[in-house]
Amino acid sequence: MSVARPIGYGVVGAGAFARFCAEQYRQVPGLRQVAVADIDPQAAQRFAQDTGVPAEASVDALLANPSVELVHLTTPPSTHYALALRAIVAGKHVLCEKPLALTEREAQEVAHAADQRGVRLGVNLIMRYNPLCAGVEAVLDRGLLGDPLYASFQNLAKDEPLGPDHWFWNTDASGGIFIEHGVHFFDVFEGWLERFGAGRVVSAQHGVRPGAHPVVEQARATARYGPSVLADFMHSFTQASAMDRQSWRIVCERGDLRLDGWTPMTIEADFLAEESGAEAVTSCFGGARLERVQTFAPDSEEAPTRARFKPLSTTGRYALRAEALGGQDKPAVYGHMLAELMSDLLAGIRDPSHRPKVTGANGVASVAMAEAARRLAETIDPGQAPA
Amino acid sequence: MTALPPASAPDSPAPALPDPPGRDRLPEIDLRQTLALSDDTGILQHARFAAPDPHHGYCIDDNARALIAGLRLGQVDPDAGAGALPLNRYLAFCSYAFNAERGVFRNFLSYDRRWLEEEGSHDSQGRALWALGMAARLGAAPSVRELARNLFDHAVHTAERFEHLRSCAFGLLGLDHALSVEPDHGGWSKQHDALAERLIKAYHASAEPGWRWWEPVATYDNAKLPHALLCAGRRLGRADLTDAGLESLGWLLEQQTRRDSAGRPYLSVIGNDGWLKRGAPKADFDQQPLEAYALVDASLDAARITGEARWIDAAWMGLSWFLGRNDLGTPLVDPDTGGCRDGLLPTGPNRNQGAESVLAYLLSVLEMHRFVREQTSGLAVSKTHTGASGPLMTHPTTPEVLGLGIAGASGFAAFCLEAWRPVKGLRPVRVWSRSAASAARLAERFGLDQSDSLEAMYADPAIDLVHVAGVPSTHGAQARAALEAGKHVLVEKPMAVEADDALGLLDAAATRDRVLMVHHMMRYGPLAEPVRRMVASGALGAVLRVQVTNRAGDAGLANGHWFWDRSLSGGILVEHGVHFFDLVAYLLDVGPGEAVSAWQAARPGAEVIDQVGCEAVYGGRVRAGFYHTFSQAPSTDRQDVRLICERGQVILEGWVARRLRVEAAVSNEQLEQILSLLPEGVSTAPLQTGGLPYDLRRRGKAERVEQAVGIDWQDPRDDGTVYRSAAAGLMQDMLQAVSTPGHRTRSKARQAYEALRTALDARRLAERPS
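Residue numbers (the numbering used here), protein chains in the order written: chain R, 1 to 387; chain Z, 1001 to 1770.
Next comes chain R alone, as it looks inside the complex (with noise of 0.2 Å):
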């Protein structure tokens, strides 16, 4: 790939994400890092120090500057909106971190303001980069497991990190868990299942913490796409570093996918098929390893023939199992979802009729099912402690 001018990289918020991030885009080619800023000029220093990435004095500054072209926003949600039409107002690119907004609102007003300015928003939800999730994606696109039934998302999440102080606990900071946590799983499964039906939040409650600091520590919601197809978002943050553990679920008519960890690190089916439609399911993931558990003689009795009122014909039950990139790392997986995010993201810059994977949109789409699920979790149901 021939590399043209590299894009001028300014990030705001220096925080310990931030220093993630730069040592990933380090290896994205076309992209030259050349400002940090924070609100606290010596962290944008210390950052400076440790990366060497120049620092400005000030937001300002660094969008005053001319050779930053695009801006990355790491600062907590409550800042993202205005950071965003600031810095799209002063020409500027920006990759936003999740969520895009607190509101739905807000989020459509920096989605229009960038198209208006012509310049590109990208958010950083991830998910739809990693590569086990594109897999779930086309199996479900090509109904090689017959139609998705129900999908869910258990999110058994640490707070080991997040004392009682932590912005994270702050809803006017934060959104809440919906909106600063939930978005990735919004995002990911409206990739998933949108193709069925529109997206709708029907249920969601929240969990508030007992004693004496009642903050709100587990979110679920329900969410239907069309008339048929279900899906379960449940996050605790309520565990030990060592106990924190998600896990994704998908039901077809034909078996279930089940994906590990929060960045799926592995995924398992466990299906029914004809050997083609057990093949083309293997071949939406990468080094996926497949092994048939059970055969089904043409004329068994064993073998399934019906489910859902609809014929279902197949020959064997199948397992697979694959792993993202090979069985690298979570935190390779992870960077390798940010540089695959950045990259296509600096295409869209460059080329303006390259469509991004996710754009100003998604940011909208799924602040906005968070925020229905944070209304409906405060309106139905207030979560209070009990007295």
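Everything labelled a hint here was simulated from the structure, so no lab data went into it. Hints are not guaranteed to be accurate.
Partner residues are not named here, just some residues of chain Z that face chain R (Cβ under 7 Å, in silico) [as the list claims (entries may be wrong)]:
hint, residue
1, Arg-1551
2, Ala-1552
3, Trp-1599
4, Ala-1633
Quantities reported herein were computed from a predicted structural model and do not represent experimental measurements. Glycine is no exception: its CB is placed at the ideal position from the N, C-alpha and C atoms.
We have chain R already, so just place chain Z on it with the hints.
Leaving out everything else, chain Z in the frame of chain R:
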């Protein structure tokens, strides 16, 4: 039975207690806890819960009782063989306890096998003589009889020095046995007569109308006093001793007899917190198993001597006390161990199962079995006393085998009949179904009569219990009619499709005093109780959330099946959801679930709902999410129940769960506790090794994390076997409820009703236009 005046009423009205078990429903002889408490030294005195507690070591009192149990077992079940109880070990303990220098027995031996005294209490000397006298007579092997006789003979002189009447009574009983072997032994005879004289004199000195007792207070092991006098009277042919024994035993029984709300007598043992003092009401608690056993044992000898049926009733009353016919309506017997809890406290049974209590129950059961054996071989009742008419052991209670009628010849009814084959005490008799052809098939397969009408089946006196197994919309009415016909009822879930109908069933069961159960068999799976106990232990911290994912097959559910017709099935949340609403209620034990939100999804191209979900809150605090679909091909259906806890998670897999996984960040002690509650054979694997141990500060608490571990267990049996075993477990529980007063079933109709309420609320929410 002669009318007994009601004793003073307890503070709260006694529960309506079911009938005591009938003669052929005697509890089985269960040696497990006795064996569990026994080691290569003897039987340990105490237990913490059911586990032997070495802190208190051993005593001769319990080893003497264990020796007696071994001897009685040999009489009742000669085929059990010498190895069933380590009788020689108990005898060896008595032998080792003998302090030859002083010619007396020591009592307490510490766990490190040091004697804690040179000479035991007089009561303990007496008990040793009682057991050794019996062993000299009943030991199966000559070596046992010879050693026992030898010890007895060396120690019997101590009886002369006994200060207490109970010690004398024990000694007298021992001498009675010994003299049965050597009636001409002059020394023993002399001692026997002297003790008998002492007992009768003391009795006459104290007894008066209204107080037929030896002392101004009746304390412990009371029935042993009249018992010894009875036996002495029999041996000496002295009616004055026998009459005094009977009079006193009758009086003692009267003092401890109460009536339940149905007017039927039951035993209320003299409590040790104040005993029974002349002129004062008896202390109600704590009630000790020893008392009930003493009463059983004495009453059966009274029955042997007099031939009067009332003494058999009294013995049954004593035995029934263990089984739950008592002031609290609570069984003391622990079905998990076969042991007996250490007495009845005002708050419920003491949870420990020490030797005295365990042996008191075992000996009561053994004495009852022995009596039944004698009856059936015509040995027991002396010919001169035939006051009773008809067979003595006939008791107006539940028949020994319950006749089963099946209403609704469904596939599940067939599954149940198969599953119940190993269940004793149940005989399938008749089947009725709206489809005569289905009924005929079931009748043929299981050798049943086919009933032309439900009414005819319910009118059949051979039917005691009805399994209502048809389409859900018929459950309420059919179960109601069965209860009103006086049948016990097991109704398939859902118990009804309307809340009012379900409530009507509870009322009918209470009014007719029948057992009503709903077939929530998941509670009887191999993991339900262990997980419930794990939750209760708090070793994983509080449960924060439960997530139920139920993906069921629909292969048997063609379009047009009643399952899809909400008016017949109630819909998925009602027809099927109740299982899981109930299971979660059982596991959490914080109260019923309240549905706060629910949703559903339609099958494309068909007018059916094939997916539903619900969010509920249990006991006002624990949230639970439910998802059900009926859409899967048979081999890919899958169920799991996940409990998210503060310190990890528990995952149950399978419809009746047979696989358990736990992931936990816990202290060593918590891990040990978790493992102690799980079945044997779990595998564990560390999830993290670095950075341990450390203090986890969260939720305002600092918690020690020493292990991050994954635990895995799978029942080696296949699904079908596990399901059948769960169904059989429920039926066994139900039969016990029918036969045993106050038996608390694991699944209760009231809770099934609550699960149905949750389901009906959820259905309403799911159907609300959104």
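Results for each hint:
1. Arg-1551: holds (6 Å)
2. Ala-1552: Violated, about 11 Å.
3. Trp-1599: It holds, given that the least Cβ distance between Z/Trp-1599 and chain R is near 5 Å, below 7 Å.
4. Ala-1633: holds (4 Å)
Violated hint: 2 only; the structure is consistent with all others.
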